[in-house]
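One-letter residues, chain by chain:
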Amino acid sequence: EADIYQTPRYLVIGTGKKITLECSQTMGHDKMYWYQQDPGMELHLIHYSYGVNSTEKGDLSSESTVSRIRTEHFPLTLESARPSHTSQYLCASSEWRSSTDTQYFGPGTRLTVL
Amino acid sequence: AQTVTQSQPEMSVQEAETVTLSCTYDTSESDYYLFWYKQPPSRQMILVIRQEAYKQQNATENRFSVNFQKAAKSFSLKISDSQLGDAAMYFCAYRSPGTASKLTFGTGTRLQVTL
Numbered sequence: 018e019a020d021i022y023q024t025p026r027y028l029v030i031g032t033g034k035k036i037t038l039e040c041s042q043t044m045g046h047d048k049m050y051w052y053q054q055d056p057g058m059e060l061h062l063i064h065y066s067y068g069v070n071s072t073e074k075g076d077l078s079s080e081s082t083v084s085r086i087r088t089e090h091f092p093l094t095l096e097s098a099r100p101s102h103t104s105q106y107l108c109a110s111s112e113w114r115s116s117t118d119t120q121y122f123g124p125g126t127r128l129t130v131l
Numbered sequence: 007a008q009t010v011t012q013s014q015p016e017m018s019v020q021e022a023e024t025v026t027l028s029c030t031y032d033t034s035e036s037d038y039y040l041f042w043y044k045q046p047p048s049r050q051m052i053l054v055i056r057q058e059a060y061k062q063q064n065a066t067e068n069r070f071s072v073n074f075q076k077a078a079k080s081f082s083l084k085i086s087d088s089q090l091g092d093a094a095m096y097f098c099a100y101r102s103p104g105t106a107s108k109l110t111f112g113t114g115t116r117l118q119v120t121l
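The listed protein sequences derive, respectively, from chains W and F. Residues 18 to 131, numbered by our numbering, are exactly what the first sequence covers, in order. Residues 7 to 121, numbered by our numbering, are exactly what the second sequence covers, in order.
Think of the hints as simulated: they come from the structure by calculation, not from any bench. Keep in mind that the hints are not guaranteed to be accurate.
[Said to hold, decoys possible] Below, computed lysine to any residue pairings styled on SDA-like, alpha-carbon distance capped at 20 angstroms:
1) F:Lys-61 to F:Lys-84
2) F:Lys-79 to F:Gln-50
3) F:Lys-79 to F:Gln-118
4) F:Lys-61 to F:Glu-35
5) F:Lys-61 to W:Thr-117
6) W:Lys-35 to W:His-90
7) W:Lys-74 to F:Ser-36
8) W:Lys-74 to W:Met-44
9) F:Lys-76 to F:Gln-20
10) W:Lys-35 to W:Thr-117
11) W:Lys-74 to F:Lys-84
12) F:Lys-61 to W:Gln-23
13) W:Lys-74 to F:Lys-76
14) W:Lys-74 to F:Ser-102
15) F:Lys-76 to W:Thr-117
16) W:Lys-74 to W:Ile-36
17) F:Lys-76 to F:Ser-36
18) F:Lys-76 to F:Asp-32
19) W:Lys-74 to W:His-61
20) W:Lys-35 to W:Gln-23
21) F:Lys-79 to F:Gln-14
22) W:Lys-74 to F:Tyr-31
23) F:Lys-79 to W:Thr-117
24) F:Lys-84 to F:Gly-104
25) W:Lys-74 to F:Glu-35
26) W:Lys-35 to W:Val-69
27) F:Lys-79 to F:Asp-32
28) F:Lys-84 to F:Tyr-31
29) F:Lys-61 to F:Asp-87
30) W:Lys-35 to W:Trp-113
Nothing here was measured: the structure is a model prediction, and the numbers come from that model.
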């Protein structure tokens, strides 16, 4: 399995709280991604990064924000959590210099907002 | 835009039998990459197998193999000698070449393995 980590694995919080989901990888990958996975299991790209100081919005609009200050770290922040943010969040990374640019996934964070 | 279609929301296979999961995609490009990912219940999504479109030979990884039909835009996954640990959601994914490209996922197929 790839060396990509997410914390916390599970989080239950109240509405209005600010939260940060952590994602880190030790593979030196340039590209990192955040996906939101709904109960129907579909994956939606919400943010991605090509490298340090690069962040882009994905295909699904999200109220979350991301930062990429270090290559290995790509945290996702929700300033004010709402029940509609309840979902599973998956982080992934890839090395674009490889021919296939294969994405490797973290274990995910299951977020529940009450 | 590329689309990936997995027409089988659920499949079931008996232990030790063979099962094939279907995936079709739509693209106008000639060079691209295809992937199958496995996501067991409450566990990490892992790469099962990948295929470069320019390679005619079908990729294989132990009990997992693909049937890549480029003209038909089909990329099915065959699991031989199914095991209980194969039970999971399986996602087919497509990626164009280029550093700016992203993965396009199908909606997934849930595979059950029975005794």
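Hints, verified against the model:
| no. | hint | in the structure |
| --- | --- | --- |
| 1 | F:Lys-61 to F:Lys-84 | holds, 18 angstroms |
| 2 | F:Lys-79 to F:Gln-50 | violated, 28 angstroms |
| 3 | F:Lys-79 to F:Gln-118 | violated, 26 angstroms |
| 4 | F:Lys-61 to F:Glu-35 | holds, 15 angstroms |
| 5 | F:Lys-61 to W:Thr-117 | holds, 12 angstroms |
| 6 | W:Lys-35 to W:His-90 | holds, 19 angstroms |
| 7 | W:Lys-74 to F:Ser-36 | violated, 27 angstroms |
| 8 | W:Lys-74 to W:Met-44 | violated, 23 angstroms |
| 9 | F:Lys-76 to F:Gln-20 | violated, 30 angstroms |
| 10 | W:Lys-35 to W:Thr-117 | violated, 37 angstroms |
| 11 | W:Lys-74 to F:Lys-84 | violated, 35 angstroms |
| 12 | F:Lys-61 to W:Gln-23 | violated, 35 angstroms |
| 13 | W:Lys-74 to F:Lys-76 | violated, 31 angstroms |
| 14 | W:Lys-74 to F:Ser-102 | holds, 18 angstroms |
| 15 | F:Lys-76 to W:Thr-117 | holds, 17 angstroms |
| 16 | W:Lys-74 to W:Ile-36 | holds, 19 angstroms |
| 17 | F:Lys-76 to F:Ser-36 | holds, 9 angstroms |
| 18 | F:Lys-76 to F:Asp-32 | holds, 11 angstroms |
| 19 | W:Lys-74 to W:His-61 | holds, 11 angstroms |
| 20 | W:Lys-35 to W:Gln-23 | holds, 17 angstroms |
| 21 | F:Lys-79 to F:Gln-14 | holds, 16 angstroms |
| 22 | W:Lys-74 to F:Tyr-31 | violated, 24 angstroms |
| 23 | F:Lys-79 to W:Thr-117 | holds, 18 angstroms |
| 24 | F:Lys-84 to F:Gly-104 | violated, 28 angstroms |
| 25 | W:Lys-74 to F:Glu-35 | violated, 24 angstroms |
| 26 | W:Lys-35 to W:Val-69 | violated, 24 angstroms |
| 27 | F:Lys-79 to F:Asp-32 | holds, 7 angstroms |
| 28 | F:Lys-84 to F:Tyr-31 | holds, 17 angstroms |
| 29 | F:Lys-61 to F:Asp-87 | violated, 26 angstroms |
| 30 | W:Lys-35 to W:Trp-113 | violated, 32 angstroms |
In this structure, the earlier hints numbered 2, 3, 7, 8, 9, 10, 11, 12, 13, 22, 24, 25, 26, 29 and 30 are contradicted, and the remaining ones agree with it.
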